[in-house]
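> Construct all of the structure, not just a fragment, from the sequences and the given hints.
Number of protein chains: 2
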Amino acid sequence: MLLCSRAIQRSIVQTRKASALTSLNIDTVNPLVKDVEYAVRGPIVIRASEIEAELANGVKKPFDKVIKSNIGDCQAMGQKPISFIRQVVAGCAHPELLDMGVFPADVTERCREFLDGVRGSIGCYSESTGIASIRKNVANFIESRDGYPCDPNNLILTNGASSSVKLILEMFISSKEKSGALIPIPQYPLYSATISEFGMQQVGYYLSEENDWSINISELKRALEEGRKTCNPRVLCIINPGNPTGQVASYNNIKEIIQFCIDEELVLMADEVYQDNVYREGSKFHSFKKVLFDMNAEEGFQMASFHSTSKGFMGECGLRGGYVEVIGLDQDIHYQLNKLQSAQLGSNVVGQVVMDCVVNQPKKGDASYDLFIQEKMGVLKSLDARAKFVYKRLNEIEGITCNEVAGAMYAFPRIHLSEKAIAAAASLGQAADFMYCLALLEETGICVIPGSGFKQEPGTYHFRMTILPPMDDLKVFLDKLSVFHTQFMEKYSD
Amino acid sequence: MLLCSRAIQRSIVQTRKASALTSLNIDTVNPLVKDVEYAVRGPIVIRASEIEAELANGVKKPFDKVIKSNIGDCQAMGQKPISFIRQVVAGCAHPELLDMGVFPADVTERCREFLDGVRGSIGCYSESTGIASIRKNVANFIESRDGYPCDPNNLILTNGASSSVKLILEMFISSKEKSGALIPIPQYPLYSATISEFGMQQVGYYLSEENDWSINISELKRALEEGRKTCNPRVLCIINPGNPTGQVASYNNIKEIIQFCIDEELVLMADEVYQDNVYREGSKFHSFKKVLFDMNAEEGFQMASFHSTSKGFMGECGLRGGYVEVIGLDQDIHYQLNKLQSAQLGSNVVGQVVMDCVVNQPKKGDASYDLFIQEKMGVLKSLDARAKFVYKRLNEIEGITCNEVAGAMYAFPRIHLSEKAIAAAASLGQAADFMYCLALLEETGICVIPGSGFKQEPGTYHFRMTILPPMDDLKVFLDKLSVFHTQFMEKYSD
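Chains as they are written, first to last, in the numbering used here: chain A, 1 to 494; chain B, 1 to 494.
Among the hints, erroneous ones may be present.
[Claimed, not checked] Below, a list of computed lysine to any residue pairs in the SDA-like style, where the Cα atoms sit at most 25 Å apart: (1) A:Lys166 x B:Val33; (2) A:Lys80 x A:Ala423; (3) B:Lys339 x A:Phe198; (4) B:Lys166 x B:Val33.
These are calculated hints, taken from the structure and not from any lab test. Keep in mind that this is a model prediction, so the values were computed, not measured.
Shown next as structure tokens:
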């Protein structure tokens with residue numbers, strides 16, 4: 001009898017199972033999420049991980065390791081962490097170490113001071129917008145960088161810059177007319193992904209490949225007019241130095257862009273996470289905020305500037321530190337931003353501590369100073385050498401052209417593919433640069449991202465590679481690429 | 001001439017300023033964000049911080065410090081971090097320490113093993129869904145907790161449980177019919193905040209205060225039917241042990257709830273972040289997953305279970321660690337979840353390391369074992385004593401009744417307010433419990449959150465207090481509350 005009723009129960013459960021399964025599936029899932037694309041960890045990268053597993057299982061390949069050049073993950077490519085930063089994190093995490101004499105005096109002192117300001121522990125929730133003492137240090141950093149005042153209340157510390165870009169874009173979602181955001185083509189796909197996720201509209205403006213990927217105001221105007229036909233463009237997103245293109249905007253270009261925002265009543269989002277990564281002789285990072293204030297145009301101007309602990313000389317990607325400085329927003333909007341952050345209870349405290357180290361570096365005379373400078377300059381010099389090497393070597397390959405890697409951590413070479421290659425890819429239902437990158441991966445173990453993942457001018461093909469592999473790996477990488485490219489061109493010669 | 005053209009330029013800028021200002025303001029900001037409310041850091045808490053600043057500036061008050069009982073922030077209330085966890089974090093952050101003999105042997109070994117699996121550094125981005133070795137340890141933890149299999153591919157490590165709740169709820173946003181989520185009343189306002197942010201609809205079901213805040217199936221049915229009039233309810237959210245109410249669901253109640261989800265084709269979201277915090281004699285935490293599998297009802301059932309590093313015995317709120325286990329989702333949905341996580345590049349690695357320590361604790365014979373157990377049991381015993389003390393003491397105050405604090409970290413006492421008090425609050429445009437909590441703060445320095453911030457049955461008034469202040473502070477707290485309450489009741493006696 002008992003068994004019988006149990007059997008009936010099972011059968012009820014199983015009858016209902018089919019319909020319960022329909023609750024969350026590909027037809028009922030949030031359609032905006034389905035629209036999201038993020039190539040930096042897309043199919044090519046998934047395949048790269050599979051190949052790594054195959055190699056580990058002894059499968060024979062024409063190469064013995066995968067070189068992952070798909071993501072700006074410095075330490076994964078062998079860059080060593082800055083000792084000062086890690087000592088401060090360790091000391092804050094386990095304050096007993098501060099009594100053991102294992103750290104330089106300035107590290108110990110900094111940890112104690114910091115802990116005093118956070119009720120003795122990094123395990124407490126921080127203020128929603130970030131720890132007050134760190135926001136103050138970030139404000140000082142911005143003031144000395146730009147020479148203009150920065151109010152710590154304009155700063156929000158977040159889990160990497162990705163979170164703050166998302167936070168600001170979310171403000172523009174509209175229930176009426178679709179809001180549009182102008183984004184560069186090519187762009188870093190966080191922007192297109194977030195815009196899709198929010199049901200907003202991408203309004204793409206082309207960077208001028210012929211002019212070192214610079215931003216042309218007439219192209220901005222064209223894009224804006226085009227965008228206005230189908231949505232309400234409200235934001236202009238700029239990535240400077242550029243990802244994936246590595247361009248560094250000139251002072252005058254920045255002025256023009258600001259004037260364009262004024263003329264067109266656009267809010268500016270300036271992604272400045274690569275501000276420490278400038279390599280080209282004569283190029284210099286200028287913050288949009290500084291230029292805005294130089295122009296005396298700050299009154300009534302609305303902008304946000306993003307920074308991160310993941311790039312620069314520190315490359316602390318995994319620790320997820322970042323900030324946004326907002327300018328020209330009224331108290332109502334500050335309240336909304338603060339409220340949204342507070343429901344997530346603020347960002348992780350270790351990321352905030354790392355950001356503190358980045359904006360408040362050891363000073364001459366501090367016990368950590370010499371080592372810090374040696375490590376920091378070592379990284380920056382090495383990145384500089386790799387940027388120049390990649391640029392030179394790519395252009396030596398026939399059928400590849402590449403603008404100078406003026407800044408950031410990427411090259412975005414153009415691959416001049418034949419009609420035959422394009423047709424072959426089309427017959428596989430693939431973009432031609434996708435087919436190219438997949439073949440490159442399978443034949444050489446080199447993992448790069450097809451230009452189509454970043455968008456590009458129709459009929460042009462590119463890929464993004466980081467400049468982060470160690471020099472020895474980069475040399476092998478580019479030799480292999482050269483051989484592969486030649487063979488690929490021969491295979492598909494028209 | 002130059003000056004003149006400069007002046008013209010300024011005047012152009014200033015003419016345009018007014019219109020540019022309209023770009024992002026309270027009228028044009030995302031209307032869904034405006035709807036978000038999050039009382040745990042709302043106006044009462046903002047006022048508490050102001051009062052702290054006033055005290056620091058020498059302003060005279062009837063008290064000398066603010067007791068912040070508004071948020072489950074264990075370490076901010078003096079709880080000491082677990083040494084083992086912090087040693088592991090410090091060792092992973094600065095591996096040089098591992099050679100210095102400053103840590104117990106098992107800490108050193110664990111750090112080395114862990115670092116081997118993450119290319120030597122916590123500064124690398126993790127996999128989007130979290131570090132593989134940690135997901136495997138979480139899976140082992142769940143398996144030994146429940147006695148049923150757990151696939152590490154069903155796990156996503158996130159920045160605290162808040163992020164994973166948000167991630168899962170986002171799947172249900174619909175472009176057609178509004179999706180609804182059933183949430184308890186009273187509830188933890190992360191749920192209402194996120195539902196508002198996503199333009200979904202809250203469908204509230206009342207917890208039964210008369211029955212120790214238990215969940216009544218007939219009330220779930222009533223709420224669901226009510227909800228179906230205006231939206232498409234797709235998810236049932238349960239918080240067990242409860243926040244703010246501290247109830248612990250019985251095994252049979254959980255069975256009924258699962259059967260209800262099967263019958264009504266609802267996806268279950270089980271917030272189980274307080275699973276280590278059960279105090280009442282005879283009560284026990286049962287995971288929804290275990291009961292589901294005990295019922296043999298897992299086929300076709302869809303659910304998500306959330307856990308966190310912020311509560312339990314560790315209280316590592318600031319380090320933002322958490323996970324979600326999803327059950328019954330097909331590969332398409334896994335792909336969507338993974339993609340959304342990947343655009344944010346995964347959660348912070350330190351939070352993941354802390355989660356690893358929580359699910360893989362020192363074992364008997366390990367060098368850290370004795371101290372670990374001593375610290376862990378010390379925290380849990382002390383919480384137990386405080387839960388019982390708060391419950392007893394609250395019920396000694398006339399005009400206050402409170403259910404037993406069976407679990408979690410909060411009491412949610414009912415305050416029986418007079419008509420006169422309710423009318424006085426209404427004349428100020430305030431909820432009566434808001435007026436009560438504000439007066440309590442101003443007169444005694446005690447900061448608690450009004451029940452209206454969590455929602456409550458109309459005509460009833462409550463507040464939420466944490467049981468986290470140290471026992472000595474709690475005694476002062478409850479004595480002061482008692483005096484305040486009596487005076488308040490006298491002032492507003494009908």
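> Give a verdict on every hint.
Now the hints, each set against the structure:
1. A:Lys166 x B:Val33: holds, 13 Å
2. A:Lys80 x A:Ala423: Roughly 44 Å separates the two Cα atoms, so the pair is violated.
3. B:Lys339 x A:Phe198: Status holds; Cα separation ~15 Å.
4. B:Lys166 x B:Val33: With Cα atoms ~14 Å apart, B:Lys166 and B:Val33 stay inside 25 Å; holds.
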